[in-house]
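Below are the chains, spelled out letter by letter.
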Amino acid sequence: MKSKTKFSALLLFLGPSLGVITLFFFIPVIAAFSLSFSDFDIYSLGSWEYLRFVGLKNYIDLINDPLFWIALKNTFYFVLLGGPLSVGVSLGTAMLLNSKYIKWKGMFRLIYFLPVVTTLVAVSIVWRYIYHPRFGLLNYVLSFVGIGPVDWLGDPNLAMPAIIIMAVWKNFGYNMIIFIAGLQNIPEELYEAASIEGASGWQRFRNITIPMLAPTTLFISVITMIGYFQLFAEPYIMTQGGPLNSTLSIVYYMYQEGFRWWNIGYSTALAFMLFIIILIGTLIQFKVQKIDE
Amino acid sequence: MSEKLKKILVIVTATIIAFMSLMPFVWMVFASFMKSGEANVYPPKLFPDEFVLTHYITLFTRLNLTRYLINSIVISVGVTFISLIINSMSGYAFAKMAFRGKKQIFNSLLSAMVIPGQVTMLPVFLMLKYMGFINTYWAIIIPGMASIFGIFLIKQYALSIPDSLIEAARIDGGTEIQIYWKVILPLCKPILVTLGIFTFMGTWNDFLWPLIVMTDSSMYTLPVALANLMGEHTQDTELMMAGSVITIIPVIIVFLALQKYYIKGIMLGSVKG
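Taken in order, these protein sequences are the chains called U and W.
Residue numbering for the first sequence is 1 to 293, as defined by my numbering.
Residue numbering for the second sequence is 294 to 566, as defined by my numbering.
Looking at chain U on its own, in the form it has when it is part of the complex (with noise of 0.2 Å):
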């Protein structure tokens, strides 16, 4: 049986990180709560005496306002096309790496985990310049297919596709990891015997990896949606939020109703929203994975 360790123990290691996430989560999460009741704005910003206790508005506000809608909406199209094509190429690299045909793993192994390391603005800067209509590496490629000239960035139903792909491109290599590791796990076995029973390449796919990946495919979406909420450096970088709002997401509004405009109430019951949405999702997809099994 171990002792109990002395208090002036525990206060000297467990004090500055427990005190550090309570004064600056903790607390911060409870306050944030408090003032999404509350009318705080740019005066109560000067003098607390113009902070009012306002009780639902800023929900009832935000139910009324269309732009938290059309910043929902583009949140949603962003989590639920690109948060599945992400882990959809993730674990198709994944397969692809984990292939008895591919020397160099390694290497290859590097390269797509490339992108995943840099710094967000940085490739938005340098994708924005990919799009560019007329000088842009990406229509230059297509034209030899016969499309375009397209404008990637300046068309309302093309920019959030646009911003997707570029997320897709930059994310794929984190989850290929946990995949490949997930992939190796499965014993050989199981594939031996199936062949040998005749299964097609795909009926092992269907019968074998989806069902012994399940935990990593569960993992993995989780972390994906919770990330793919927070959408906001990609359409403040490319698109400030547009054209005609169509990029405008969550926290890219949260960020100007709070930072730009000094709404602050009404500020954090966008965030607020936002926590609840990540959270039903998180509880819809555990609920999902529990069904299938």
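Please keep in mind that the hints were generated in silico from the structure rather than gathered at the bench.
Bear in mind the structure is a predicted one, so any value in this text is a computation, not a measurement.
The reader is advised that the hints may include incorrect statements.
Okay, the calculated bits of chain W under chain U, using three or more residues with CB under 8 Å as the criterion [as the list claims (entries may be wrong)]: (1) 299-308; (2) 428-439; (3) 466-475.
Distance windows between CB atoms, simulated [claimed, not checked]: (4) 59(U) with 452(W): 41 to 47 Å; (5) 203(U) with 391(W): 33 to 39 Å; (6) 350(W) with 142(U): 46 to 52 Å; (7) 142(U) with 474(W): 55 to 61 Å; (8) 367(W) with 290(U): 43 to 49 Å; (9) 359(W) with 202(U): 54 to 60 Å; (10) 34(U) with 474(W): 50 to 56 Å; (11) 203(U) with 347(W): 55 to 61 Å; (12) 49(U) with 395(W): 25 to 31 Å; (13) 67(U) with 359(W): 22 to 28 Å; (14) 304(W) with 192(U): 19 to 25 Å; (15) 395(W) with 30(U): 35 to 41 Å; (16) 212(U) with 454(W): 30 to 36 Å.
Just so you know, even glycine gets a beta-carbon here, dropped at the ideal spot from N, CA and C.
Position chain W relative to chain U; hints supplied.
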């Protein structure tokens, strides 16, 4: 499908994806050495007619990039070292010390991870503002000093350290601090490197928080400075590419030097799921 055809198909696909992954970086690097206007032509050029350093010189002389580079380095290195100490002390305590409510505290920390950081941004901003830390390095360093993910990572690793080792050190008369410093930290070195890279890169690449707390241009980090530069120099493609190269190079170097630890960290982080 014949075996040979399959093999060719796999290799060609893998090569095409590698090409697509690298192409934006290749173009970024070459465009950064082009003369002004050379990147805005049709058909687009991949190689500059002549390599010029004009844009790098402009960035470091007229546009103050040295200052932003220093800001980014001080903040990222600062957060990394301070958080490594604080998280490792905490992770060690959760792994090896006995106290009441340990499990409950640890579990509530873990479940708090579902709360997105954006929720706390406004209150933390207001707190730092009243403390007078806005537009100082502390505005980024202080909230980054401890992380739940970091504590979790260290705790998992420290669990594997045998108790007997700690007991032996204690019998030899080591104080708790000495044990932590001389026994635990050296044994935790691999996980410290892993967590260190994650923290460094996360801080270096971060955008939203520095954008919020650094409103004075002399305090910008590289990503914020770059985003700001983009507003004024949209037409200067070559200049923007040079700025992107400088922002990306440090993280690429750190990653290439320590990639084994980084990959391991991804795996450790996903074990929990």
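With respect to the beta-carbon atoms only, verify the hint that residue 395(W) and residue 30(U) lie 35 to 41 Å apart.
Between residue 395(W) and residue 30(U), where Cβ atoms are some 23 Å apart, the hint is violated.
Has the hinted range 25 to 31 Å been met by the Cβ atoms of residue 49(U) and residue 395(W)?
violated, 44 Å
43 to 49 Å as the expected CB spacing between residue 290(U) and residue 367(W), which holds or is violated
holds, 48 Å
Taking the beta carbons of residue 34(U) and residue 474(W), is their distance inside 50 to 56 Å?
About 41 Å separates the Cβ atoms of residue 34(U) and residue 474(W), which means 50 to 56 Å is violated.
Taking 19 to 25 Å as the stated bounds, is the beta-carbon spacing between residue 304(W) and residue 192(U) within them?
At roughly 24 Å between Cβ atoms, residue 192(U) and residue 304(W) fall inside 19 to 25 Å, so the hint holds.
Are residue 59(U) and residue 452(W) spaced within 41 to 47 Å by their CB atoms?
At roughly 43 Å between Cβ atoms, residue 452(W) and residue 59(U) fall inside 41 to 47 Å, so the hint holds.
Outcome for the supplied range 55 to 61 Å, where the beta carbon pair is residue 203(U) and residue 347(W)
Since residue 203(U) and residue 347(W) have Cβ atoms about 59 Å apart, the given range 55 to 61 Å holds.
Could you check the hint for me, namely that residue 203(U) and residue 391(W) are 33 to 39 Å apart, CB to CB?
violated, 52 Å
State whether the coverage of the region 428-439 of chain W by chain U holds or is violated, taking the criterion as 3 or more residues with Cβ-Cβ distances under 8 Å.
holds (count 4)
Starting from the hint 55 to 61 Å, judge whether the C-beta atoms of residue 142(U) and residue 474(W) obey it.
holds, 59 Å
Does the region 466-475 of chain W contain three or more residues whose Cβ lies closer than 8 Å to a Cβ of chain U?
holds (count 3)
Measuring from beta carbon to beta carbon, are residue 350(W) and residue 142(U) in 46 to 52 Å?
Given about 35 Å between the Cβ atoms, the range is violated.
Going through the hint list in order, the structure does not satisfy hints 5, 6, 10, 12, 13 and 15.
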